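Participant: Take a look at the letters that make up each chain.
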Amino acid sequence: MMEEKVMTQNPLKKRRKMNRHVNWTLTAVMAVLAIFFIMIPLYITVVTSLKAPSDMNNLLALPHKMRWANFSDAWQMTDFPIKFRNTAFITFVTIVFTLPLHSAIAYAIVRNREHSKFFTGIYYYFLSAMFIPFNVVMLPLVSQVSRWHMDNVFGITVLYIVFGIPMNIFLYAGFIKKIPLALEESAVMDGATPFQVFYKVIFPMLMPMHATVAILSFIWTWNDFLMPLVLLSDPNQQTLQLSQYVFQGQFSTQYNLAFASYMLVLIPVLIIYVIFQKWIIAGVTDGAVK
Amino acid sequence: MVKSRSSVKITPYLMTVPMVVLFFILHTYPFLKGVFYSFTNWRGYGGWKFVGLKNYLYVFTNAEVTHSYLFTLKFAIFATVLVNVLSLAIALGLNGKIKFKNTLKAVYFLPYILGTLIIGFVFNFIFGTILPDIGQSLHIGFLSENILGGAHAWLGILFVTVWQSMAFNTLIYLSGLQTVDTEIYEAAELDGTTPWQRFYKITFPLIAPFFTINLVLSVKNFLMVFDQIIAMTNGGPGNLTTSISVLIYKRGFQGAQFAVQSANAVVLFIVIASISLFQLRVLEKREEKIQ
Amino acid sequence: MKKILTITATLLAGLALAACSSNKSASSGKKTVEFYSTKQENVSTYKGLIKEFESKNKDIKVKLVAPADGGTVLKTRLTKNDIPDVLAMGGDFNFVDVTKADVLADLSDRPYAKRALPAYTKMLKQYYSGNKMLGMPLAANVSGVMYNKDLFKRAGINKTPETWDEFIQDMKQLQSKGIQPLAFPFKDSWTAMGIWNQIAGNELPASFIGKRKDNKTSFQKTHKESAEKFAQLLPFGQKDIVGLSYNDSNKLFAQGKVAMLINGNFVIPELVKNNKDINVSMFKLPVSSDAAKNKVTSGVDVLLAKSKQTKNNAACDKLISFLTDKENEKKYIDEQFALPTVKGVEQSNARLAGVVADAQAGNIVDYPDHLYPSGFDMAGLLQQFALNYKDGMKTSEIINTFLKNADNKFDSANVEE
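Protein chains in written order, with our numbering: chain V, 1 to 290; chain C, 1001 to 1291; chain U, 2001 to 2417.
The set of hints was computed from the structure by calculation and includes no laboratory data. Hints are supplied without guarantee of correctness; some may be wrong.
Here's a subset of chain U near chain V, in silico, CB distances under 8 angstroms, partners left out [to be verified]:
no. : residue
1   : Lys2061
2   : Val2065
3   : Lys2080
4   : Asn2247
All values reported here derive from a predicted model rather than from experimental measurement. Positions of the beta carbon are idealized from the N, C-alpha and C atoms, including for glycine.
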């Protein structure tokens, strides 16, 4: 009712008029809050990572002289290349396997749920598994996983791929439901096998959801700490987050070195964020809302 | 033709069954094993025997465990309320007629993509060194002490958690607000309503589903709080900030406590599952009412 | 679509290769020995020694692992049944746990076993039953008070205190000259044990724990005086008593901003790292008012143990033998300001002079907490103690709460046997 009433007025003209009034007070408030609460801690991280230990009298000031050596020292001390390679491997492989495998599960469930108890069952099985957080399965999992020699980069990647299923099929299912059946039917008429229908017709259509799932998987695997902490004991298999914890004691009071090391972990994420910022924000929003 | 029909039938199974089996082996099976261990005295290695409900009795009567539950619940409630109130406020601000909207949005979302452990380390330095430094030079009593080393250490952890978690919830509220038609708003404005009335009568009902999402996700995450505590207080001072997850990690691998903490994990599961289900029920009902 | 797939596949293969390469280089003819340390302070010393060992044994590669909170991490590895080849750990409750898991090899027939000082092998044997030798001591620590000689001089104190009253008197003297006597790094709760062990170790016989486990005595009945002495120290520290971390307190001391730290010899290398000219020395904490009764707290700081399941038995033995030969033992204790546990090696550093004589004369008590049941978090209780003090609770009330909690928590931790 209300909408109709509004529509009858001349909306276009009115909107243009309203938009000219930028609310500068609100802009200022939002900007100050952003600088004070979000940017200052990050500023401190950057500044501290670039200072010499003797330059630490005024903690908030800019460094007198950039000390890039902090970075090379941290790089060497924490074995950055190995940890980076491990983390990149885990993240990348998880995403590469997650997208086709999980979307396929979701597709199979959505298209067969109505006439098959089996698929309804699977759906509820995964849905209820969402209530079992990692902490609950952690103790028995640790002993099981090492007995099967999965306490390494490869094993943990398999775990990420498998543990992501409930959340991701939930995301995919919502999207797939909206795809009209007609598309698939015409592909079948053209003689496509069910696998071809999925990978040639459906899979490409899921692009927006793939982006979301990829982004969420990236944030999860790159930043996860607890699973690597209990599973990866070999330094050659450890991830970046875990190595920050491992070296925390060895940094001792060398805060500049420690912060340089934090920066080394944050920089790849920040670069990706700056480049894909719009995608990431849209992807995460879609993930939660759909 | 016959061939293709059978493949039509088989394909969905091929797509699901292997992953279901893997999931069962790597997730459900350990979960069931954990439930099983919780009735034994297994130490994580060596032999074992059944002990009945002894471990559960221990969990329910042990002061340390009880304290960690109380702390975690208190923490989760405060964090959920604060995060949702603040992120809704920020979302309203970002949804206003402001300049640099996208830049500001990107800045407010930034904390979400950073690792919690590292954020914890950074704030550990801020609370332990920078703030006391400022506090001492300005002679502000409460600032000059490390909050993480006091009875209110949990507030420091709460701050960091809110700082990081706000990002995600803000985004969700913002996308909710963007579904609200500005025309309705402007019409209501013309009708002479107050901003609060407009928020309560128009905005809030429309973003109710987003509120549900945020609440369910927040509570579950906050009940699992781990990384920031390990980075900042390691559960101290005393055991003031030992959350359930921290307790399971710290005690669970200590010989005799393996089985006890398995029982604790089962209790944690029941708590999380019931809270989440309860929330979903109540909030969905309320949503229906509003709509 | 195909393009994306090809690129993905190539990248994937590249990454997989990269991830494999480290394993390959490790397995190319060389034997790898994992050397796991629960401590992080001595990593640089280990690194030096390992480098030398590897250059002498070209067929062996030693992988040093020293994570933060190494004790807990080691327990996750017990659960995984993934035991490091060689373990370097303290002779403490972590060792007790590991011996219970029955994963360590008996070293008593190894040639290097004879090198160990009998006092320390005996100390280790009380942690487990049976007559095996499960740990080869590498270094002993000694607790006491690190003090800044220059600040003592400035306050006009010429001689280190020998009784509790003198100690309190000296702290007052320091305060009157505007010098902060003590810093408490209680944000890292384990440091509180450095004080507690010295007080309780001197005040109570080692037999207490056995009796307590059998419920024949209690903390409330026996530990009141120890708690009172702990409380007496607190006013001499910084105001923000639980806010300071171990690293930051070492920094304060190294900068000359505080006169004393109560902990162990293992702090000295950290102090020297922060300021190599620091004029630091040690004396024993004079717990008793009878100077003759005071003993230093000393225990096995690092012992080396070998996994039963190691695939490189000979290489492990070589490594343990190498680390405990006279020359390397000397190098270790010099760099770490530790006490020797091997015959024929002496610690002659002047910074330790105040405590070495006692230790070498056998005037020592073991750390009481080495026998506490695992999961009994005394350090957390002491942290709470300090916090209650900071919050202005009455001392008698603090002590009562503390002792009561100690008994409760002891009982709930003592369920295992």
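Participant: Each hint needs a verdict: does it hold in this structure or not?
Facilitator: So, going through the hints one by one against the coordinates:
With its C-beta approaching chain V no nearer than about 11 angstroms, Lys2061 (chain U) sits outside the 8 angstroms limit, and its interface hint is violated. For Val2065 (chain U), the interface hint holds, since its Cβ comes within 8 angstroms of a Cβ in chain V; the closest pair sits about 6 angstroms apart. For Lys2080 (chain U), the suggested interface contact is upheld, since its CB lies about 3 angstroms from the closest CB of chain V, less than 8 angstroms. For Asn2247 (chain U), the interface hint holds, since its Cβ comes within 8 angstroms of a Cβ in chain V; the closest pair sits about 4 angstroms apart.
Violation of the numbered hints given earlier is confined to hint 1; every other hint is satisfied by the structure.
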